[in-house]
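These protein sequence lines are chains A and B, in that order.
Under this note's numbering, think of the first position of the first sequence as 1, with each following residue one higher.
Under this note's numbering, think of the first position of the second sequence as 1, with each following residue one higher.
No lab work stands behind these hints, which were simulated from the structure alone.
This one's a predicted model, so the numbers in the text were calculated from it and none came from an experiment.
Virtual Cβ for every residue (Gly too), placed ideally from N, Cα, C.
Keep in mind that a hint or two might mislead.
Unchecked claim - What follows is a set of in silico ranges between Cβ atoms, one per label pair, in the way DEER data are often shown:
(1) G76(B) <-> D31(A): 53 to 59 Å
(2) K119(B) <-> A72(A): 20 to 26 Å
(3) M1(A) <-> E73(B): 26 to 32 Å
(4) I56(A) <-> E73(B): 43 to 49 Å
(5) I269(B) <-> D35(A): 25 to 31 Å
(6) I76(A) <-> E214(B): 33 to 39 Å
(7) T226(B) <-> I56(A): 45 to 51 Å
Said to hold, decoys possible - Once the Cα atoms are required to be at most 30 Å apart in a straight line, the calculated BS3-like pairs of lysine-lysine come out as:
(8) K7(B) <-> K119(B)
(9) K211(B) <-> K188(B)
(10) K69(A) <-> K281(B)
(11) K167(B) <-> K102(B)
(12) K87(B) <-> K40(A)
(13) K17(A) <-> K44(A)
(14) K248(B) <-> K230(B)
(15) K17(A) <-> K102(B)
(16) K102(B) <-> K127(B)
(17) K67(A) <-> K302(B)
(18) K17(A) <-> K6(B)
(19) K3(A) <-> K126(B)
(20) K221(B) <-> K248(B)
(21) K91(B) <-> K69(A)
(22) K91(B) <-> K17(A)
(23) K205(B) <-> K167(B)
(24) K67(A) <-> K171(B)
(25) K44(A) <-> K147(B)
Stated by the list, open to error - Which chain B residues stay away from chain A? Per the calculated CB distances, all over 12 Å, these:
(26) R181
(27) R212
(28) G239
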Amino acid sequence: MVKVYSFESCPWCVKVKNYLKARGVEYEVRDIELDEEAAKECQKISGDLTVPVTTIDGVNYVLGFDKRKIDALLGIGNSQLA
Amino acid sequence: MKERIKKDAVIIGAGMAGLTAALYCGRMNLDTLVLENGIIGGQIANATDIENYPGFESVSGSELIGTLQRQAENFGAVIDEFDEIEKVTLKTSPKIIETIEKIYEADVVIIASGMNRRKLPLPEEKKFAGRGVHYCELCDGHAYNGKIIAVMGGGNAAVDAANFLTKYAEKIYLIHRSEFRADEVSQKRLRANDKVEIMLQTEIKALRGSKRLEEVEIFDKKTGETKTLKVDGIFVNIGVEPNTQLFKDELTLSASGRIIAGEDCRTEIEGVFAAGDVREKEIRQLTTAASDGTTAALLAEKYLAKLKEAN
Numbered sequence: 001m002v003k004v005y006s007f008e009s010c011p012w013c014v015k016v017k018n019y020l021k022a023r024g025v026e027y028e029v030r031d032i033e034l035d036e037e038a039a040k041e042c043q044k045i046s047g048d049l050t051v052p053v054t055t056i057d058g059v060n061y062v063l064g065f066d067k068r069k070i071d072a073l074l075g076i077g078n079s080q081l082a
Numbered sequence: 001m002k003e004r005i006k007k008d009a010v011i012i013g014a015g016m017a018g019l020t021a022a023l024y025c026g027r028m029n030l031d032t033l034v035l036e037n038g039i040i041g042g043q044i045a046n047a048t049d050i051e052n053y054p055g056f057e058s059v060s061g062s063e064l065i066g067t068l069q070r071q072a073e074n075f076g077a078v079i080d081e082f083d084e085i086e087k088v089t090l091k092t093s094p095k096i097i098e099t100i101e102k103i104y105e106a107d108v109v110i111i112a113s114g115m116n117r118r119k120l121p122l123p124e125e126k127k128f129a130g131r132g133v134h135y136c137e138l139c140d141g142h143a144y145n146g147k148i149i150a151v152m153g154g155g156n157a158a159v160d161a162a163n164f165l166t167k168y169a170e171k172i173y174l175i176h177r178s179e180f181r182a183d184e185v186s187q188k189r190l191r192a193n194d195k196v197e198i199m200l201q202t203e204i205k206a207l208r209g210s211k212r213l214e215e216v217e218i219f220d221k222k223t224g225e226t227k228t229l230k231v232d233g234i235f236v237n238i239g240v241e242p243n244t245q246l247f248k249d250e251l252t253l254s255a256s257g258r259i260i261a262g263e264d265c266r267t268e269i270e271g272v273f274a275a276g277d278v279r280e281k282e283i284r285q286l287t288t289a290a291s292d293g294t295t296a297a298l299l300a301e302k303y304l305a306k307l308k309e310a311n
């Protein structure tokens with residue numbers, strides 16, 4: 001399952017979530033503001049609390065909104081939006 | 001092979017000017033596409049308290065823009081926030097906007113691509129970007145709860161950022177190379193906060209740290225003294241630059257890199273309009289961006305009607 005470490009009012013987090021929705025990718029929101037556990041996990045993955053952090057395996061991740069990197073991470077090519 | 005799609009109007013940029021143009025184009029039943037590859041709302045998307053937009057005592061950027069986006073979409077405008085423009089050809093008829101995924105043909109192009117924040121002009125910036133050097137306080141401020149940070153800049157954006165960050169940081173240095181340009185209300189608010197230390201006539205000369213930013217070297221222009229400041233992060237607000245790279249071969253740009261167009265937003269190419277902060281003009285406010293978006297859309301519709309009549 002794709003996880004997006006993020007918080008509600010973060011505009012780039014919203015963009016990542018909208019992008020995954022448009023691509024038809026299911027994801028789990030890990031809110032680092034409301035959930036201390038999620039914040040700890042985020043810190044462990046990227047070494048920082050800067051978000052959005054998108055990951056599947058908790059090791060490889062994309063920081064911020066970078067369409068090409070997210071596509072590569074999720075293995076979705078340059079396909080049309082869903 | 002990329003799909004070719006015909007549109008009445010393509011609007012480049014979904015900030016205040018672009019979305020207002022989209023709202024008006026939509027209401028006039030024009031087949032309208034807005035392309036945005038950054039954040040919808042542009043510069044004001046991150047603003048926490050807008051207090052100078054008529055009709056609102058105080059409103060956040062996301063709330064104001066969210067409403068405007070819905071208004072534009074309710075009237076039929078389509079906003080694509082994921083595709084990215086590779087090339088524009090404006091002197092042909094129709095005008096061609098080529099993105100990574102598609103090729104759009106449009107009779108009207110409204111350029112409302114706005115401004116980008118200026119990056120910190122130090123070679124170490126790349127190493128520390130997102131690792132202590134930040135450009136969006138709303139996005140990254142939370143990571144500095146109880147920490148020591150610096151805000152760089154002296155305009156309204158910098159002072160408002162520092163005011164916002166006081167809710168997280170334990171200590172904030174406001175560092176600016178000259179005197180404040182921010183309005184009195186914001187300055188007063190900042191000066192009243194005990195967490196804030198203001199350092200004017202001070203330059204940041206170097207960033208240091210192993211994996212992430214740990215300290216900055218600052219130069220006091222008044223005393224000629226250089227010293228090191230321990231900081232966990234720095235938020236850069238040293239101005240903006242026009243987002244006109246795509247248009248430099250198509251349109252004449254001003255010395256500051258903005259598009260030259262009059263108050264009617266018409267550029268030197270018929271059917272191409274420039275609206276908002278990207279247009280060379282003296283006053284650049286949220287209200288004037290909305291005004292430009294309105295003007296560009298209404299004159300675009302006139303141009304399209306004339307074009308139809310001629311064919």
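Structure-based check of each hint:
1. Here the CB-CB span from G76(B) to D31(A) is close to 34 Å, at odds with the stated 53 to 59 Å.
2. Between K119(B) and A72(A) the beta carbons are some 25 Å apart, a value that agrees with the proposed interval 20 to 26 Å.
3. Between M1(A) and E73(B) the CB atoms are about 30 Å apart, so this pair conforms to the stated range of 26 to 32 Å.
4. Here the CB-CB span from I56(A) to E73(B) is close to 32 Å, at odds with the stated 43 to 49 Å.
5. Checking the proposed 25 to 31 Å range against I269(B) and D35(A) shows it is violated: the Cβ atoms sit about 52 Å from each other.
6. Range check, I76(A) to E214(B): about 38 Å between beta-carbon atoms, so the 33 to 39 Å window is met.
7. The hinted window of 45 to 51 Å between T226(B) and I56(A) holds, with their beta carbons roughly 46 Å apart.
8. Among the hinted pairs, K7(B) with K119(B) is inconsistent with the structure: their alpha-carbon atoms are about 35 Å apart, more than 30 Å.
9. At most 30 Å may separate the alpha-carbon atoms for a hinted pair to count; K211(B) and K188(B) exceed this at roughly 36 Å.
10. This hinted pair does not check out: K69(A) and K281(B) have alpha carbons roughly 38 Å apart, beyond 30 Å.
11. Pair hint K167(B) plus K102(B) does not hold up; C-alpha atoms about 44 Å apart against a cutoff of 30 Å.
12. About 43 Å separates the Cα atoms of K87(B) and K40(A), which puts this hinted pair outside 30 Å; it is violated.
13. Taking the CA atoms of K17(A) and K44(A), the gap is about 21 Å. The hint holds against a cut of 30 Å.
14. Among the hinted pairs, K248(B) with K230(B) is inconsistent with the structure: their alpha-carbon atoms are about 42 Å apart, more than 30 Å.
15. A threshold of 30 Å between alpha carbons decides the hint, and for K17(A) with K102(B) the separation of about 23 Å falls inside it, so the pair holds.
16. At roughly 34 Å between alpha-carbon atoms, K102(B) and K127(B) are farther apart than 30 Å, so this suggested pair is violated.
17. Distance restraint check for K67(A) and K302(B): the Cα-Cα separation of roughly 37 Å exceeds the 30 Å cut-off, and the hinted pair is therefore not satisfied.
18. A distance of roughly 29 Å separates the Cα atoms of K17(A) and K6(B); the hinted pair therefore holds under the 30 Å criterion.
19. Distance restraint check for K3(A) and K126(B): the Cα-Cα separation of roughly 26 Å lies within the 30 Å cut-off, and the hinted pair is therefore satisfied.
20. For the hint linking K221(B) to K248(B), the alpha-carbon distance of about 37 Å lies beyond 30 Å, and the restraint is violated.
21. Note on K91(B) and K69(A): the hinted pairing is violated, with a Cα-Cα distance of about 34 Å set against a maximum of 30 Å.
22. Pair hint K91(B) plus K17(A) does not hold up; C-alpha atoms about 37 Å apart against a cutoff of 30 Å.
23. Proximity of K205(B) to K167(B) is assessed by CA-CA distance (about 27 Å); at most 30 Å being required, the pair is judged to hold.
24. Of the pairs offered as hints, the one joining K67(A) and K171(B) is violated, with about 35 Å between alpha carbons and a cut-off of 30 Å exceeded.
25. Annotation: proposed proximity of K44(A) to K147(B) holds, straight-line Cα distance about 19 Å (limit 30 Å).
26. Listed as outside the interface, R181(B) is consistent with that label: its C-beta sits roughly 25 Å from the nearest C-beta of chain A, beyond the 12 Å cut-off.
27. Separation of R212(B) from chain A is inadequate, the least Cβ-Cβ distance of about 7 Å not exceeding the 12 Å criterion.
28. For G239(B), the condition that its CB be more than 12 Å from all CB atoms of chain A holds, with the nearest at approximately 20 Å.
In summary, the numbered hints that this structure violates are 1, 4, 5, 8, 9, 10, 11, 12, 14, 16, 17, 20, 21, 22, 24 and 27.
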